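Colleague: Start from the sequences and build out the full structure, keeping to the hints where you can.
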Amino acid sequence: MASMAQGANLTEIFQSASSYIFFKARLQSFTDRWPHKSANLSPEKMAEAGFFHNPGADDSDQDNVECPFCLKQLTGWEPDDDPLAEHRKRQDRCYFMRLGKPEKDLTVGDFVLLIAQRRAAVMVLFLIFFESIYIRTLESVECARDNIIERVTKLAKKSAVERRPETTKSRSRRLKK
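Everything in the sequence shown is counted per full-length UniProt numbering, starting at 1 for the first residue and increasing by one.
By construction, these hints were calculated from the structure, which means they are not laboratory data. Computed from a predicted structure; not experimentally measured. What you were told as hints is all true, and nothing was included just to trick you.
Under the rule of at most 27 Å between Cα atoms (straight-line distance), these lysine-lysine pairs were calculated in the BS3-like manner:
#1 K89 x K45
#2 K104 x K45
#3 K89 x K101
#4 K24 x K101
#5 K104 x K89
#6 K24 x K104
#7 K37 x K101
#8 K101 x K45
#9 K24 x K89
#10 K89 x K37
#11 K37 x K24
#12 K24 x K45
Modeller: Right under this line is the structure:
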């Protein structure tokens with residue numbers, strides 16, 4: 001079981017999972033492309049665990065699933081994996097998992113909190129994304145600063161060598177010639 005890298009377009013992340021809040025939509029996402037046939041990994045069990053099928057572009061991610069609430073993505077499913085247990089283990093703060101009740105028993109308040117968690121998860125992804133940009137920018141600035149310091153140091157040394165006053169011995173040798 002591997003966690004998916006988070007390099008997707010943030011607008012897509014925000015919009016993609018919102019239609020999968022309800023069980024029926026999550027279940028319908030598991031089409032013929034879902035590669036697993038074991039009872040543990042049936043579309044029904046995956047949807048009950050809060051997942052919708054979100055296959056990647058290449059063949060290695062064909063069993064990728066995502067929770068529309070906490071935005072956790074999981075791939076690399078094995079036949080004996082339990083979707084509920086894997087979701088709980090990998091994202092223990094998911095409010096959907098904490099509720100632990102079927103959709104028919106959810107209250108309006110539960111749905112409000114689920115949507116609030118989804119928005120919070122999206123905001124965290126935005127923060128992570130912008131933090132990575134900020135860090136890369138800082139690293140670039142530090143590298144540029146180091147290059148400037150190195151070049152200035154070399155120029156200063158070269159200038160010092162060129163301006164070094166002649167000693168009397170070197171001047172007298174030059175004059176004798």
